[in-house]
Amino acid sequence: MSPDYHDLLRLLHVAARALPGLNGEIGAAQDHQLICGSPDNAARVCALHRYWEQSHPEAGPHYWSARSWSLLIWQPIYFSLLAVHLGGRAPCLAHMGQSVIAGSVHGFRLPPHCPYGGDLRALIACASDQLQDFVETQLDEFNAVAVIYPKMARLLVADCVRAALLLAQRHEPVTDDVLLEAERHWLDALALPGGSALVPLELDDGRHCLAMGRKVCCQHFRRADGELCASCPKLARDERLKRLREAASC
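For the sequence shown, position 172 matches number 197 in the numbering used here, and the numbering has no gaps at all.
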């Protein structure tokens, strides 16, 4: 096995252990997969959007777009951040193929390559370059077949970055101050709006932790079976803090 192949395979294993369902393989993207920037990708993005439009017609265009966009970006973001913080490497996202099954984006393939090594700041810079290229290309493709406001799209990216950081902290504990610094470095490197949204909490048992405080609503409440999530910015501050404490105490 070549060193390049081994390093990438290790990152895939690290990510899958941290987040079951984030399953990657090494190899060329397959014809049926989403491949950001490929000639046929806009049609595949359109099909994903249409799935959610048909599955939840009552939810409306804000939900269809937010849901579809979130599905397109979650794997590249989670894999990149988990690779950096748990694997000490930054993968290349070029020619990444993502699988779509029944409207859900799960599973991906990456061509063999040597992930980038370096200190944390260098890894964040490298991974951010990869993610920025992915997000901007994907956003252009998305808006060719559907509509999502660029600010909303980038705020959803930022919230996904925060969620991935919190997951990384659970598997590789660091202090909250270190995590807040990492959040700032990622948002700066990605040129994302919104500022910090990781919320400091004091729990009933005296423990302190950080929780997710979203900067933009995922629109799930628009579904007939939907509701506002605990971290939703549409909630009043006190209600949101109450729900976040309850979730963190479980």
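In short, the hints are calculated from the structure, not lab data. Some hints could be false.
Stated by the list, open to error - The list that follows gives simulated cross-link-like pairs (lysine to any residue, SDA-like), each with its CA atoms no further than 25 Å apart: (1) K267 / R232; (2) K176 / R232; (3) K259 / E78; (4) K267 / L215; (5) K259 / V203; (6) K259 / R247; (7) K176 / G142; (8) K176 / K267; (9) K259 / P175.
Said to hold, decoys possible - Per label pair, the in silico range of CB-to-CB distance: (10) H233 / A127: 17 to 23 Å; (11) R35 / P82: 29 to 35 Å; (12) D213 / C139: 44 to 50 Å.
If you're wondering where the values come from, they're calculated on a predicted model, not measured in any experiment. For each residue, glycine too, the CB sits at the ideal point set by N, CA and C.
Taking the hints in turn, this is what the structure says about them:
1. K267 / R232: holds, 15 Å
2. K176 / R232: violated, 35 Å
3. K259 / E78: holds, 23 Å
4. K267 / L215: Distance ~31 Å between K267 and L215 Cα, so the pair is violated.
5. K259 / V203: Judged against 25 Å, a Cα distance of about 28 Å means the pair is violated.
6. K259 / R247: Holds, at roughly 12 Å.
7. K176 / G142: violated, 31 Å
8. K176 / K267: Not OK: K176 and K267 at ~28 Å, beyond 25 Å, violated.
9. K259 / P175: holds, 20 Å
10. H233 / A127: 17 to 23 Å: For A127 against H233, whose Cβ atoms are near 40 Å apart, the range 17 to 23 Å is violated.
11. R35 / P82: 29 to 35 Å: The hint (29 to 35 Å, Cβ to Cβ) is violated, given that R35 and P82 are roughly 44 Å apart.
12. D213 / C139: 44 to 50 Å: violated, 26 Å
Going down the numbered hints, you'll see the structure goes against 2, 4, 5, 7, 8, 10, 11, 12, while the others check out.
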